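In order, the protein sequences belong to chains A and B. Take the numbering used here: the final residue in the first sequence is number 597, and no numbers are missing along the way. Take the numbering used here: the final residue in the second sequence is number 80, and no numbers are missing along the way.
Treat the hints as calculated values from the structure; they're not laboratory data. A few of these clues could be false.
[To be verified] Taking lysine-lysine pairs in the PhoX-like style, the calculated list, with each CA pair at most 25 angstroms apart, reads: (1) Lys558/A - Lys594/A; (2) Lys155/A - Lys343/A; (3) Lys45/B - Lys504/A; (4) Lys343/A - Lys76/B; (5) Lys375/A - Lys281/A; (6) Lys129/A - Lys502/A; (7) Lys500/A - Lys27/B; (8) Lys489/A - Lys504/A; (9) Lys129/A - Lys364/A; (10) Lys63/B - Lys76/B; (11) Lys79/B - Lys500/A; (12) Lys481/A - Lys469/A; (13) Lys423/A - Lys32/A; (14) Lys27/B - Lys63/B; (15) Lys45/B - Lys324/A; (16) Lys469/A - Lys495/A; (17) Lys79/B - Lys343/A; (18) Lys423/A - Lys451/A; (19) Lys76/B - Lys46/B; (20) Lys481/A - Lys423/A; (21) Lys27/B - Lys502/A; (22) Lys46/B - Lys343/A; (23) Lys562/A - Lys576/A; (24) Lys364/A - Lys307/A.
[As the list claims (entries may be wrong)] Sample of chain B residues at the chain A side, in silico, Cβ under 7 angstroms: (25) Glu32; (26) Leu47; (27) Glu49; (28) Asp54.
[Unchecked claim] Sample of chain A residues with no beta-carbon within 12 angstroms of chain B, all distances over it, derived: (29) Arg43; (30) Tyr115; (31) Asp176; (32) Met185; (33) Ala249; (34) Gly259; (35) Ser333; (36) Lys495.
This one's a predicted model, so the numbers in the text were calculated from it and none came from an experiment. From the three backbone atoms N, C-alpha and C, an ideal C-beta is built for every residue, glycine too.
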Amino acid sequence: MTIPVHKYDVVIVGAGGAGLRAALQVSEAGLKTAVLSKVFPTRSHTVAAQGGVAASLGNVTEDNWHWHMYDTVKGSDWLGDQDAIEFMVKKANEVVVELEHFGMPFDRLDSGKIYQRPFGGHSQNYGEKPVNRSCAAADRTGHAMLHAMYQRNVKANTQFFVEWMALDLIRDEDGDVLGVTAMEMETGEVHIFHAKATIFATGGAGRIYYSSTNAFINTGDGVGMAARAGIPLEDMEFWQFHPTGVAGAGVLITEGVRGEGGILRNASGERFMERYAPNLKDLASRDVVSRSMVTEINEGRGCGPDKDHVLLDITHLSPETIMKRLPGIREISIQFAGVDPIKAPIPVVPTCHYQMGGIPTNYKGQVIVPKGDEKSVPVGGFYAAGECACASVHGANRLGTNSLLDLLVFGKSSGESVVEDLKGNPRAHKPLPANAADVSLARIARLDNQKNGESVHEVRLAMQRTMQKHAGVFRFNDLLKAGVEEIKKVAERAKTTEIKDKSKVWNTARTEALELDNLIEVAKATMISAEARKESRGAHVRDDALDTAETPAGRDDKNWLKHTLWYSEGNRLDYKPVNLQPMSADVESIALAKRTY
Amino acid sequence: MDRAEYERLRWRCIRRGLLELDLTLTKFLDQEFDKLTEPEVEAFKKLAELEDWDFLGLIVGGKELSDPHEAAVLAKLRKC
């Protein structure tokens with residue numbers, strides 16, 4: 001069987017914020033560029049981002065990159081690499097102004113400058129008081145960003161392959177990456193995209209959890225592909241949970257609801273946050289509120305027939321206040337929780353929101369792996385940016401508005417690295433290995449021939465329930481240990497999924513089965529990395545990590561100030577040091593301290 | 001609508017940028033789509049082409065549509 005081969009200088013997988021920004025950089029440099037996407041670019045999950053993008057422009061309140069860097073390092077609970085963080089915050093103003101020139105309709109001040117609003121975790125003068133750092137386009141920042149960058153890519157002659165699903169990474173004997181295999185959904189045919197450089201910008205894998213704010217598209221395709229190709233995954237135990245997702249549906253109820261006076265209640269109607277955070281109560285930080293909610297549920301004070309959620313109550317607010325201050329919340333609640341919040345409280349649970357870990361990269365967007373005695377050796381021809389990558393700027397916990405900044409800065413820097421490499425060292429494509437498409441063809445043949453297997457839906461649900469129960473927002477040693485065994489069993493089941501529809505043209509069942517292969521890699525990485533990390537840090541919180549003088553809030557810098565690396569083969573774990581040294585002499589390392597707000 | 005055309009439409013409905021649309025449209029396809037009249041199918045196809053935030057705004061907002069087939073489909077979407 002001959003497989004069609006498409007030759008490009010650069011192939012980019014994913015057309016959300018990071019993919020479009022990377023594509024622009026390489027296309028405008030004159031490199032022949034293909035971008036593959038499962039969906040039309042402006043329907044990528046970046047569209048959901050509402051908060052804005054962080055940059056220390058100082059247009060509203062005094063600000064500078066030093067303060068932004070401090071906030072980001074502290075937010076990361078010191079797991080972020082300080083060279084990458086310095087690089088990101090220093091580049092922030094540049095990428096935001098560029099975006100403005102691309103036609104992004106940022107909100108403006110009367111002076112014409114970009115308006116900026118405050119956001120959690122961002123501060124002036126090293127934690128002293130809140131700062132206005134977020135640049136937004138009303139509540140459609142992600143949407144406007146995608147549109148501005150897509151239009152510009154079309155002008156730059158970027159070639160889009162829309163409704164194509166990348167399947168597997170192609171590596172040669174040297175370990176260099178030579179492109180990907182991909183399936184055209186319209187025909188079901190597998191093609192090869194042969195490239196001198198491959199950039200992954202495939203987003204996160206939040207769908208590994210039962211309760212997730214992520215769109216269905218977030219199946220961690222790039223992360224799974226990298227893992228299957230022998231690339232380790234970094235810090236996959238760190239997932240950010242949002243306290244108030246609608247129970248069952250996952251749909252996000254914004255923090256603004258509690259800001260306007262919303263109260264969390266348990267089964268007996270008690271305002272339980274008064275016990276956990278007597279001062280800030282329902283407005284304590286995301287992780288504190290989430291853990292308190294889970295404790296209530298675990299101790300039997302959850303609501304509903306299964307006692308599996310708590311209630312977000314705004315019935316004490318006047319209907320006028322709700323309509324005026326919280327537009328859209330009533331409609332979202334009626335539609336997705338089946339509850340009119342004017343009359344009854346909204347059922348909510350902490351819900352998976354963002355993947356901090358991913359494919360390990362440096363600040364240039366190069367994918368880096370251990371080799372011999374070296375811990376960070378670039379993989380030839382392979383780059384990653386955005387939520388699928390781990391640069392690592394978010395460390396153990398991401399600050400709001402730093403995700404859009406991440407995808408702009410590292411989308412651009414990965415593109416710049418590719419241009420530098422291919423222009424500085426012009427060369428022909430390396431020859432494809434003879435078996436370049438074998439792995440993908442075997443995966444599809446397995447699906448076509450499988451008999452007596454389980455449905456993809458059943459196995460996916462088993463994975464999601466296992467992750468939710470064993471590696472949720474609050475983690476327990478015995479649950480994690482059992483979770484490792486459980487998820488391995490689910491992974492075995494995923495190897496024999498069966499689809500009834502074997503047709504080739506527009507077979508969405510087959511696509512979902514292929515997505516599950518990617519999700520499973522991420523789920524295993526998360527559970528195994530989480531079980532191994534015997535401390536609390538940022539979003540990874542264990543109930544057995546004690547708060548002592550040496551381990552404040554359970555964080556154990558002596559033993560665990562290091563990045564996890566998980567290898568799919570044999571579920572092997574390795575570790576590498578956190579880079580506490582900034583990139584330049586402009587700033588000193590931000591010293592370890594207890595993270596308090 | 002033949003199988004391939006339906007499956008293509010299905011993919012474009014169950015993989016949106018917003019979770020809210022994934023949930024609503026999945027339910028709609030599973031529970032309502034088979035019962036639509038021909039003109040309603042055409043109306044739904046047109047609505048499905050909307051930008052994500054516009055489509056969601058329409059489903060959860062109070063705005064009514066003047067086209068009777070689109071209005072009928074919208075009423076069904078709102079029940080999902």
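So which of the earlier hints does this model not fit? 2, 5, 6, 8, 9, 11, 15, 18, 20, 22, 24, 25, 26, 27, 28, 29, 32, 33 and 35
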